[in-house]
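Turn these sequences into a full structure, and let the hints guide you.
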Amino acid sequence: MSGDSGGQSNFKKRLKALEEKVARDGIELTDSQIAALERKASDDEACGEIETAHPGYLGSQDTFYVSNLKGVGRIYQQTFVDTYSKVAHCKLYVTKTPITAADLLNDRVLPFYASQGLPVLRILTDRGTEYCGKVEQHDYQLYLAINDIDHTKTKAMSPQTNGICERFHRTILQEFYQVAFRKKLYGELNTLQSDLDEWLAHYNNERTHQGKMCCGRTPMETLLDGKHIWAEKNLSQM
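In terms of full-length UniProt numbering, the sequence shown has 43 at position 43, counting the first letter as 1, and numbering is strictly consecutive.
Treat the hints as calculated values from the structure; they're not laboratory data. Incorrect hints may have been included.
In silico lysine-lysine, DSSO-like type, Cα no more than 27 Å apart, as pairs [to be verified]:
| id | residue 1 | residue 2 |
| --- | --- | --- |
| 1 | K12 | K96 |
| 2 | K212 | K227 |
| 3 | K16 | K96 |
| 4 | K134 | K13 |
| 5 | K153 | K212 |
| 6 | K153 | K12 |
| 7 | K134 | K155 |
| 8 | K183 | K70 |
| 9 | K96 | K155 |
| 10 | K96 | K184 |
| 11 | K184 | K16 |
| 12 | K70 | K233 |
| 13 | K153 | K134 |
| 14 | K155 | K212 |
| 15 | K183 | K134 |
| 16 | K153 | K233 |
| 17 | K153 | K227 |
| 18 | K233 | K212 |
| 19 | K96 | K70 |
| 20 | K227 | K16 |
| 21 | K12 | K134 |
| 22 | K96 | K13 |
| 23 | K153 | K96 |
Right, dumping it as structure tokens:
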């Protein structure tokens, strides 16, 4: 298991308590959180090309099956890619569940964006059970609601809408996993996560990207350059 399974179980307990409160007292969330729940219930669908205005405007999240490690079992990667800058965050788990999907956001994604002074406004996922279910009883959807993050789901039977994660998964398979598994025998998740974190630091900070927004810059350079767009947009709405 991942070394922070204790943190995950505490996180699970906090979400469970919130679920029970919602069920017991009715929804005592802010108006904007209630609106977020209602938006999810109306099931916003993504189709065509993804529009992205600034870093944090739209994140793409997906589950990637990594391998079956001897002594560990099946390994899944939760992936989050900012569709504007292509900055990526990944964490490894031995299950694919709503709680692991929410844990990536809680442990890696939202703290990073908070440190950059950026909100995460919307997340695009497929319709896997780790991302979709009855809102008030689903850890991932509830986590999005309490953090006021909109949820867009790919159109049924149309996984290509989440092409940003798919392209990233091809890259990480070729440039990290195929190389790492040739070089080393991994007997535990933490060692693989540590090497993955090192590769991600290279990917985000050193590896240039030819995407529409990056234009030969690194993802992190693109994110930092794009922050002023959010700042100006935010000022104009004040």
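Here is what the structure says about each hint:
1. K12 - K96: OK: K12 and K96 at ~14 Å, within 27 Å.
2. K212 - K227: holds, 16 Å
3. K16 - K96: holds, 18 Å
4. K134 - K13: Cα-Cα ~18 Å, so holds.
5. K153 - K212: holds, 23 Å
6. K153 - K12: Holds, at about 23 Å.
7. K134 - K155: Answer holds: K134 to K155 is near 18 Å, not above 27 Å.
8. K183 - K70: holds, 16 Å
9. K96 - K155: Distance ~21 Å between K96 and K155 Cα, so the pair holds.
10. K96 - K184: holds, 25 Å
11. K184 - K16: violated, 39 Å
12. K70 - K233: violated, 50 Å
13. K153 - K134: Roughly 14 Å between the alpha carbons, so the hint for K153 and K134 holds.
14. K155 - K212: holds, 23 Å
15. K183 - K134: violated, 43 Å
16. K153 - K233: holds, 25 Å
17. K153 - K227: holds, 26 Å
18. K233 - K212: holds, 21 Å
19. K96 - K70: Given that 27 Å is the threshold and the Cα spacing comes to 18 Å, the pair holds.
20. K227 - K16: Not satisfied, since the Cα-Cα distance of roughly 35 Å exceeds 27 Å.
21. K12 - K134: Answer holds: K12 to K134 is near 17 Å, not above 27 Å.
22. K96 - K13: Measuring from Cα to Cα gives roughly 18 Å; hence the hint holds.
23. K153 - K96: holds, 17 Å
Hint violations for this structure: numbers 11, 12, 15, 20, all remaining hints satisfied.
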